[in-house]
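Colleague: So the protein lines, in turn, are chains A and B. The first sequence begins at 1 in the working numbering and counts up by one. The second sequence begins at 1001 in the working numbering and counts up by one.
No wet-lab data here; the hints were simulated from the structure. Cβ atoms here follow ideal geometry from the backbone N, Cα and C, with glycine treated the same way. You can trust all of the hints, since none of them are fake.
Here are the simulated DSS-like pairs of lysine-lysine, each with C-alpha atoms no more than 27 Å apart in a straight line:
{"#": "1", "chain 1": "B", "residue 1": "1280", "chain 2": "A", "residue 2": "280"}
{"#": "2", "chain 1": "A", "residue 1": "271", "chain 2": "B", "residue 2": "1278"}
{"#": "3", "chain 1": "A", "residue 1": "191", "chain 2": "A", "residue 2": "154"}
Looking from chain A toward chain B, a few residues come up when the C-beta cut is under 8 Å (computed):
{"#": "4", "residue": "151"}
{"#": "5", "residue": "242"}
{"#": "6", "residue": "266"}
{"#": "7", "residue": "273"}
2 protein chains.
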Amino acid sequence: MSETCALPVAVDAMGGDNAPGAIVQGAVDAAREGLPVVLVGSDAVVRDELAKHGALGSLPISVKHASEVVAMDDHPGQAMRRKKDNSIRVCFELVKREEACGMVSAGNSGAVMAGAIFVLGRLPAVERPAIISVLPALVGHPLLLDMGANVECKPIHLVQFALMGEVYARRVLGVARPRVAVLSNGEEVSKGTDLTRTVAAALRNASGIDFRGYCEGRDLLTGDFDVIVTDGFTGNVALKTMEGTARVVGELLKQALKSTPASAIGGLLAKSALGAMKKKIDWREIGGAPLVGVSGVGFITHGRSDALAIRNAVRRVRSAADAHATDEIGRAAEQGEALLAAVASEAETVNLEHERARTAPPEA
Amino acid sequence: MSETCALPVAVDAMGGDNAPGAIVQGAVDAAREGLPVVLVGSDAVVRDELAKHGALGSLPISVKHASEVVAMDDHPGQAMRRKKDNSIRVCFELVKREEACGMVSAGNSGAVMAGAIFVLGRLPAVERPAIISVLPALVGHPLLLDMGANVECKPIHLVQFALMGEVYARRVLGVARPRVAVLSNGEEVSKGTDLTRTVAAALRNASGIDFRGYCEGRDLLTGDFDVIVTDGFTGNVALKTMEGTARVVGELLKQALKSTPASAIGGLLAKSALGAMKKKIDWREIGGAPLVGVSGVGFITHGRSDALAIRNAVRRVRSAADAHATDEIGRAAEQGEALLAAVASEAETVNLEHERARTAPPEA
Chain A
1 MSETCALPVA VDAMGGDNAP GAIVQGAVDA AREGLPVVLV GSDAVVRDEL AKHGALGSLP
61 ISVKHASEVV AMDDHPGQAM RRKKDNSIRV CFELVKREEA CGMVSAGNSG AVMAGAIFVL
121 GRLPAVERPA IISVLPALVG HPLLLDMGAN VECKPIHLVQ FALMGEVYAR RVLGVARPRV
181 AVLSNGEEVS KGTDLTRTVA AALRNASGID FRGYCEGRDL LTGDFDVIVT DGFTGNVALK
241 TMEGTARVVG ELLKQALKST PASAIGGLLA KSALGAMKKK IDWREIGGAP LVGVSGVGFI
301 THGRSDALAI RNAVRRVRSA ADAHATDEIG RAAEQGEALL AAVASEAETV NLEHERARTA
361 PPEA
Chain B
1001 MSETCALPVA VDAMGGDNAP GAIVQGAVDA AREGLPVVLV GSDAVVRDEL AKHGALGSLP
1061 ISVKHASEVV AMDDHPGQAM RRKKDNSIRV CFELVKREEA CGMVSAGNSG AVMAGAIFVL
1121 GRLPAVERPA IISVLPALVG HPLLLDMGAN VECKPIHLVQ FALMGEVYAR RVLGVARPRV
1181 AVLSNGEEVS KGTDLTRTVA AALRNASGID FRGYCEGRDL LTGDFDVIVT DGFTGNVALK
1241 TMEGTARVVG ELLKQALKST PASAIGGLLA KSALGAMKKK IDWREIGGAP LVGVSGVGFI
1301 THGRSDALAI RNAVRRVRSA ADAHATDEIG RAAEQGEALL AAVASEAETV NLEHERARTA
1361 PPEA
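Please model the entire structure based on the sequences and the hints provided.
Modeller: As structure tokens, this is what we get:
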């Protein structure tokens, strides 16, 4: 397979708060950069939008008709079964038939995950695919998974998230030796829940990955860890807590800069530097959240995505597809069961020794 | 009992990274404001520290000897049993004997909780006392509990956290009608875990409290909710995620203001406004985390507490003691079991009706 895939990125033109206008705009912007895209949605609607952008002439952009749309409040599984020609599903069918190298949607995120599983399927060993949140850290882009697809998790899920995330960081983001950690309420091995302790014990035995044990909420954005695993409930709370905190601090900053005449002038002088800072933590620069554990490349972007977010998402889908990491992700996940079995058998040996010591006759 | 309690606040002089110097300094500062304090720790050590502050003459400050110290890495329960004359335990004994109106320690937080339970005891109906984190929101001071004492929780724990937190917000912080919510991964009732759904169902039936259902990580600092309950694992992750995010945004701000000559001048002009903003989100201004569900007033402050943090903590212990809310907190917690029983019996009725419908003979 060639290093760079010539297939277009499938873009769900109908998903998200700003569809179809902003989505089509973002796709056109990506095509202008030379990235081939196929817009998926109502042919008439998409062509109307495209017409607004004037002569597209030689741009690598095409349209694939899909007659139905998944609403934001549709039940994901039902939408996939009942609306068989919905734009999310059609995107995944293009990927499945190798007519697109990957897809992105700003629509119903549950439906995107459901569509990936229905159409592409899970990788053979993977119990639960996950959604990866790519974080804007001081240094690098740590991966936090799962960010919400799997609310209640078993040890095998988190162990596989770690193994899959490690491959993703290495192969797609180019991190030479990703540092992997389990999110917990403290650094000591005695901290955490039964779930986190079992997962950490299993990963400690994983050969070939750089497992660093527990990390804490305060480590998410430092860049000290590259892959951080947690259940989807905690991941969702952590992610929204970051968003909320950044927004509140930004709001306080805005208030502070308005509070006195001197600070207002200061704010004007610092405006472009503050703008650059804002860009650094802007979710639209991140380009969406990749799915991992399914047989192909799919990205979920924010429901509020605008053209900038979509163009960046197309770039990221492209890099992910060009990395051809799916097979290696699948092989990594296969190790999960054995790692957990080893922990269980260690625990049994320890118990057995305790039992022998307890029942042994006193030494003569 | 009088509205304002004349008893001193017991301050653990030996706990925390900056003990005893900064702790004694903070206690002296509080005493200078007219707040009576009793410093608990090695008599010689504390008196040496006090001597550095010159003539204390008429200040309402006294010393109570405690011969032992709990180390930061001591096992909390063992420390309480083996070091019977440790400064944390002696603080709680002063509270128990009504020689102090409450206590504060910057030491081993597990040991502070253990000491509270050993010496003061749990309130009769309370299954698990909790640690309340008082958050610096845009508006007001929302309470998040539990912030880490109870890592794995059952429904009764979270229901009682909500009921107790509601009384605390009303009686101690003076919030007229506290808005109570359960932290979850989405607003819809279908979201969350078995734990959060059961807790939300129970609280929905609670009369006399303003229960608002689920809130999300992004709502923690807006001030839209006054009491937010979660298990100690999630609470700890959320709290440290807030701290870490605020620190990273602050770091980015500092970098931005250094990035160009214009922004550097801007930063200088805005300096005092930015300082006021920093103060607003400074944990040292919060004054520590109250324990709730034990028979008396105890506060845990940050291990890195300095004199400012300690002085503020003494003020907060004082307000909490003056509110005389402990009995009402205990009565509120008593309703927990009944609220959960009602949910269980509702669920049974629904199941029974389903079963009847399923097994009923077809209508003629």
